[in-house]
Every structure is written in structure tokens, then in C-alpha cells.
Amino acid sequence: MIGIVNYGAGNIFSLTAALDRQGILYGMIDTVADFDHYDRYIIPGVGHAGTAMQKLQEKGFVPIIKSLKKPVLGICVGMQLLTSFSEEGNATLTSIIPMDTLHFNTEHLKLKVPHMGWNKVRLETENELFKNIETHSFFYFVHSYFIEFNPNFTIASANYGIKFSAAVKRDNYYGVQFHPEKSGGAGEQLLKNFTYLN
Amino acid sequence: MNSIKNTFSSVPLEVEERNTFAKRIIPCLDVKDGRTVKGVNFVNLRDAGDPVELAWQYSQQGADELIFLDITATHERRKTMIELVKSVARQINIPFTIGGGINELTDADALLNAGADKISINSAAVRNPAFINQLAEAFGKQFVVVAVDTKNNSEKNIVFLNGGRIATGLETEQWIKEAEDRGAGEILLTSMDHDGTQNGFDCDLLKEINDNLSIPLIASGGAGAIQHFIDVFQQSNVDAALAASVFHYGEIRIPLLKEELKRNKVEVRL
Numbered sequence: 017m018i019g020i021v022n023y024g025a026g027n028i029f030s031l032t033a034a035l036d037r038q039g040i041l042y043g044m045i046d047t048v049a050d051f052d053h054y055d056r057y058i059i060p061g062v063g064h065a066g067t068a069m070q071k072l073q074e075k076g077f078v079p080i081i082k083s084l085k086k087p088v089l090g091i092c093v094g095m096q097l098l099t100s101f102s103e104e105g106n107a108t109l110t111s112i113i114p115m116d117t118l119h120f121n122t123e124h125l126k127l128k129v130p131h132m133g134w135n136k137v138r139l140e141t142e143n144e145l146f147k148n149i150e151t152h153s154f155f156y157f158v159h160s161y162f163i164e165f166n167p168n169f170t171i172a173s174a175n176y177g178i179k180f181s182a183a184v185k186r187d188n189y190y191g192v193q194f195h196p197e198k199s200g201g202a203g204e205q206l207l208k209n210f211t212y213l214n
Numbered sequence: 072m073n074s075i076k077n078t079f080s081s082v083p084l085e086v087e088e089r090n091t092f093a094k095r096i097i098p099c100l101d102v103k104d105g106r107t108v109k110g111v112n113f114v115n116l117r118d119a120g121d122p123v124e125l126a127w128q129y130s131q132q133g134a135d136e137l138i139f140l141d142i143t144a145t146h147e148r149r150k151t152m153i154e155l156v157k158s159v160a161r162q163i164n165i166p167f168t169i170g171g172g173i174n175e176l177t178d179a180d181a182l183l184n185a186g187a188d189k190i191s192i193n194s195a196a197v198r199n200p201a202f203i204n205q206l207a208e209a210f211g212k213q214f215v216v217v218a219v220d221t222k223n224n225s226e227k228n229i230v231f232l233n234g235g236r237i238a239t240g241l242e243t244e245q246w247i248k249e250a251e252d253r254g255a256g257e258i259l260l261t262s263m264d265h266d267g268t269q270n271g272f273d274c275d276l277l278k279e280i281n282d283n284l285s286i287p288l289i290a291s292g293g294a295g296a297i298q299h300f301i302d303v304f305q306q307s308n309v310d311a312a313l314a315a316s317v318f319h320y321g322e323i324r325i326p327l328l329k330e331e332l333k334r335n336k337v338e339v340r341l
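Those protein sequence lines, which keep their order, are chains A and B. Quick note on numbering: this note's numbering labels position 32 of the first sequence as 48, and the sequence is numbered without any gaps. Quick note on numbering: this note's numbering labels position 17 of the second sequence as 88, and the sequence is numbered without any gaps.
Calculated from the structure, these hints are not laboratory results. Since the model is a prediction, treat every value here as computed from it, not as a measurement. Treat each hint with caution, since some may be false.
Simulated DEER-style distance windows between Cβ atoms [unchecked claim]:
| no. | chain 1 | residue 1 | chain 2 | residue 2 | range |
| --- | --- | --- | --- | --- | --- |
| 1 | A | G201 | B | N308 | 26 to 36 Å |
| 2 | A | P79 | B | G321 | 53 to 63 Å |
| 3 | A | G24 | B | E147 | 27 to 37 Å |
| 4 | A | E123 | B | P200 | 22 to 32 Å |
| 5 | A | Q38 | B | L341 | 20 to 30 Å |
| 6 | B | S285 | A | G201 | 25 to 35 Å |
Heads up, incomplete: computed chain B residues facing chain A, CB under 8 Å, no partners named [said to hold, decoys possible]:
| no. | residue |
| --- | --- |
| 7 | T91 |
| 8 | F92 |
| 9 | Q213 |
| 10 | R253 |
| 11 | E257 |
Where is the CB? At the ideal position from N, CA and C, for every residue including glycine.
Start from the sequences and build out the full structure, keeping to the hints where you can.
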């Protein structure tokens, strides 16, 4: 069963609704002891990465998250928390995946920010998280900061002025920049795939 | 055993990488007392007045996003809105915006917690522009859509309220710039001169606004044919196009619309 890390960073109604629609069981993690009750974890997150990190620290969740051996999926800001650093609030993050979270350079690239809408996602390597999802499927993104592309950890990429990480993986830690709970059938497939990861 | 259908090696890289961000098609649903008000012409709809079932139909047809405009005028409005948002969030797997009568941070907070992806504010922002800042600070700019109704008035584009009945002293371009500076995450611009005419979007104005905007712009008002959507994306490069009656009455079917857009080199999600 999935444990949703409940640390007060954004609304999780849409996520739990998506899991309900798929018949996927989940519970809420409110204390460190709750981590024991689950065999996989989702770290949601909307809003400011620096603030989200602070909330995660106040909850005392950082050490246990760093020590998890079971599958972990960070979504949006929850994914960014897995990296080392974010330009949003110049925040030091968990460093679980040694990458940086950067701001879209609007002046240079003439981009509209937030990057808000459906973007194609290109699969970089074969991975169980994207099982039965075709490369170049569309997913729904809402973000102003992105994780750099790094062939060592990027398992799927997106292109918005520059190529960045749509999904990352290191060992049992996964992160997706898009919102699977808002990404139609492809997103639901990804959530389903997560429940089968070993 | 299933394997990932990874076909990119056979596709020329250049073509694939150029256009990967889709233009959005957004049906707009007017809701009163929890029921859709405009006539709906879907053959297989059990209850044409049920916004949730209608929303589900649209999501199945390939709509990229939905906007619900609540025009309820009673004291019960807030309760019915929250219930509506919850039902939509429970059943629909695409993003949606809710607008109508949002005047306070507590309204927005309740809608966020009920599962709304964005809220749209119009007259509340004109009356109290600082409300945009407050919403952006509290919930992030991605949550805040500022809807602007514009009308040409003696050679100037002026912001109107109450469906075009009340003129403000604000010039449209300046107001949109101010809304962006205050923290709007997206602009929904409706041309009252084009709205209801089915003669096409106001592409000139939309282009002018879009060229000077660094947040997404949704075009609204005037959609009557598939060609109008092709025109608005090709001529003004807006991020999304909204329509109501042409979708509700089945005059334009979203799957066909998207096929035609793609044929005309407008990137869409199929």
C-alpha cells in the first residue's frame, strides 16, 4: 500500500482522487512511525520548493526519507525535493539525487513561465515506471523551476526551450515533474505502474 | 510480457524536438445551482444538466482542460461550488479552473482544497487589484487566472464587467500588464465584440496582447468554426482557445478539431 507523505505542501485531493479511480490503496503519513505501515511512498508537493523543504524538516521526515529502501515517487515539487539544490529560495534539499533544480531562463529563451500545459515526454531509457506508456506521450506540467537533464538519472525528458528532466530515477527513488493525477490515461497508467514496482 | 513501446529511434530527431508543447482546447461550462445552463447536444448523455457527466464526456473527447463558470446568485452558491469542484476532481483526469464569485482568500482556499487546479477572477480583481497579489502569494501564481472582458470603445480597448454591461476606466493592455505584474499565472481574454458572433476570435488584439505577455494567454469569444481555431493559433500564437456553445451544441467535435489543427501544423495532444 502507498503511503502519501503528508507534510502540508499543497492540496492532495486530486492525487487521492486519481488513486481512488484506479482502485489503488493508500494511507497518510503524518508521523515518522507511519512510514513502517507502507511498502511504497509518494511525496507530493505544490508551491515553493524552499518552503516545502522547510516543512519536511519541521516534520522530521528528512532522515527517514533518505534511508528508505522501498519505491519512492516524488511528484512536481516532491520530485525537486529529491535533488541537491533549488534556485527557488536558494534552498538546500535532500541530495538524494545529485542534481540541481533551476529556474527557466525567460529572458534568454523567450519562454512563458509557468510552463503550464501538456508537453510531450520522451523516454530516455526503458523503465518499469513507464511500462505501457508510449514515448512522446503528453503529460500535464505546471512549474517554473525544472531539474536539469542528466543522462545518469534522467529516465524521461521534456523539451521546453531547453531539454530537462521529466522523470528521474536513482535506485529506489523516482521523481516526475508532471502531474500524473492530471495527465489523462497516461498519468493513470504511470500511477498504476508505480504500485507494481519492486 | 509487456515492453515499453519506445519508437523514438525511428523518428527523425529534429522533427520530434521542435514542437513538443501542445496548444490547449478548453470547453467552458456555465453552471447555475450546480447544473449546466446552456443547452447541450450530446447524443449519449444521460443527464445534459450534470456538469460532471458533461466534463467527463469532454475529457474523453480530448479536451485539454475545462473551465466552470458559476453564475449562481444565491446564498447557497459557495456550498454548491465546493460540492461541484469535489465531484469534478474525483472523476475527471484533466486539469480544471473554476470561476465566478470568488472574492476572498477563504473562497480560494476552499476551492483549492476541494481539488480545483486554478481559479479565475474577474471583477474582484478590477475592484481590488491587490487581491491578485494576495492569491499569488498564498497559493502560487499557477493557481491564479485573471479573466478580462474587453470591448472596443471609441478606438480604445476597454475592460468591461458584468458580461459587457459595465465599462471600467481601464485600458485592456495596461490592465493585463498590471495583472501579470501582480502575480497572475494566466490571462483569459474574452472579446465582447466577438463573443456570440461565431465569426472568429479577435486575432489582431490577441496577437498584440500575446506578444507582450510572458504568462500563458487563453483566447475566448467568437469561435464558430474549426478554421477559427486554426486562425487564432497560427495568427496570434496564444496558448489556448476556449469556446462554449459550439462544443455544447455539437457544432464542433473536439476529435475532429484536433485532427484539423494537427493537419495545419498546430501542435495538439491527440
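Now the hints, each set against the structure:
no.: 1; hint: A/G201 / B/N308: 26 to 36 Å; verdict: holds, 28 Å
no.: 2; hint: A/P79 / B/G321: 53 to 63 Å; verdict: holds, 57 Å
no.: 3; hint: A/G24 / B/E147: 27 to 37 Å; verdict: holds, 30 Å
no.: 4; hint: A/E123 / B/P200: 22 to 32 Å; verdict: holds, 26 Å
no.: 5; hint: A/Q38 / B/L341: 20 to 30 Å; verdict: holds, 23 Å
no.: 6; hint: B/S285 / A/G201: 25 to 35 Å; verdict: holds, 32 Å
no.: 7; hint: T91; verdict: holds, 4 Å
no.: 8; hint: F92; verdict: holds, 5 Å
no.: 9; hint: Q213; verdict: holds, 5 Å
no.: 10; hint: R253; verdict: violated, 15 Å
no.: 11; hint: E257; verdict: holds, 7 Å
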